[in-house]
Amino acid sequence: MRSIQHDMYEEAFRLWDMVPTDTMPGYGPAGSVHRFENELGSGEYWAYFHGNLFAVNAFDMRFKRAGAMRYRHTEHLSICYYDEVSLIVQSGSGALRAKAISTYLAEEGAEFVALYQPGATARATSLTISPDYYRDYLHSRFGDIPDVRRAFALVDGRTDFPELVSLLRQVRSYQGAGMAAALFYEGAVSEALALVIERAKAIEAERAEGRHAKLSREDRAALDDLSAYINGNLASTLTCEELARRACMGQTKLKAAFKTAYGTSPAAFVADARIERAIELLGTTDEPISRIARAVGYRKPGAFAEAFHRRTGVAPSAYRRRP
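Taking the numbering used here, the leading residue of the sequence shown gets 1, the next gets one more, and so forth.
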């Protein structure tokens with residue numbers, strides 16, 4: 001990567017009509033600020049860039065009309081905390097939530113898409129980390145390293161991560177400049193990665209302990225087979241009774257096993273799988289929404305639209321809409 005600013009940000013700022021402006025009160029003097037104000041809304045985006053390794057970001061945006069922010073990107077990781085967010089759906093994440101950690105695992109050449117509705121808002125602090133940092137730099141320092149991308153995936157959606165929230169708030173309020181700022185932001189990114197890796201390790205240990213303590217090998221295998229069946233037959237009527245029969249369990253045992261393995265009920269697992277598949281089909285095909293609804297198990301388009309809106313915060317047509 002030549003530089004994280006050149007390879008990832010400059011084109012996005014251009015596409016989003018963001019223009020550089022003088023440093024604004026409330027943002028650190030070591031970074032730069034871009035603003036936009038047009039018929040869609042207004043806001044500012046502050047960023048501190050550290051070569052080809054990472055960027056530290058803070059932004060505040062408000063939208064008056066429906067639209068989309070999109071751009072194609074290089075591989076990277078992003079971790080974000082939203083102090084405020086509403087009426088925004090992000091590719092791969094569904095409706096964004098305030099007071100929760102949000103991660104984005106960007107693949108090389110993929111497209112980032114955020115759809116927003118009239119009245120949408122977003123105020124957040126985030127870190128963007130390039131593979132030159134989380135793969136090459138860390139490996140050169142420590143040799144064998146954990147799977148950092150998996151660690152980011154494991155902490156996505158957490159609302160119980162006060163250490164990381166506190167760190168990101170310190171980052172947003174920091175007012176240093178020069179060498180002091182470079183040291184501070186570099187230290188903050190290192191600390192954030194350390195916190196994420198440790199929390200991910202704890203999450204995996206908790207999951208393994210729960211699975212092994214409460215589920216037999218046969219039950220785990222049955223749930224794996226059942227999960228594959230669900231995802232391969234979303235158009236079918238997947239009642240708890242039918243799933244229990246296929247898993248050779250009583251319904252009470254099946255519900256307890258799902259709670260242990262997946263942290264949710266069979267019905268909620270099926271509902272989530274249906275909407276996840278619908279999101280995929282809306283983004284990758286031109287199939288009519290009514291046909292997508294049937295493909296994921298909804299006989300009535302209205303019921304599908306209601307379920308989709310409940311999960312993502314927008315209607316299927318709005319999720320598919322192109323600006």
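These are computed hints drawn from the structure, not numbers from a lab.
It is possible that some hints are incorrect.
To be verified - Pair by pair, the computed Cβ-Cβ distance ranges are: (1) 64 <-> 169: 45 to 51 Å; (2) 22 <-> 259: 33 to 39 Å; (3) 64 <-> 256: 34 to 40 Å; (4) 35 <-> 272: 36 to 42 Å; (5) 267 <-> 183: 48 to 54 Å; (6) 143 <-> 302: 53 to 59 Å; (7) 206 <-> 22: 43 to 49 Å.
These figures come from a predicted structure and were not determined experimentally.
Backbone N, C-alpha and C define an ideal beta-carbon position, used for all residues, glycine too.
For residue 206 and residue 22, compare the CB-CB distance with the range 43 to 49 Å and indicate the outcome. Roughly 48 Å apart at Cβ, these two residues keep to the hinted range, so it holds.
Could you tell me whether the CB distance from residue 22 to residue 259 stays inside 33 to 39 Å? 54 Å, violated
Cβ distance range 36 to 42 Å for residue 35 and residue 272, holds or violated: For residue 35 and residue 272 the Cβ distance comes to about 38 Å; the hint holds.
Looking only at beta-carbon atoms, does the pair residue 143, residue 302 fall within the given range of 53 to 59 Å? Cβ of residue 143 to Cβ of residue 302: about 56 Å, so the range 53 to 59 Å holds.
Are residue 64 and residue 256 spaced within 34 to 40 Å by their CB atoms? 48 Å, violated
For the range 48 to 54 Å, tell me whether the beta carbons of residue 267 and residue 183 fit it or not. 51 Å, holds
Check the following: the C-beta atoms of residue 64 and residue 169 are separated by a distance inside 45 to 51 Å. Since residue 64 and residue 169 have Cβ atoms about 28 Å apart, the given range 45 to 51 Å is violated.
When held up to the earlier numbered hints, the structure conflicts with 1, 2 and 3 and fits the remainder.
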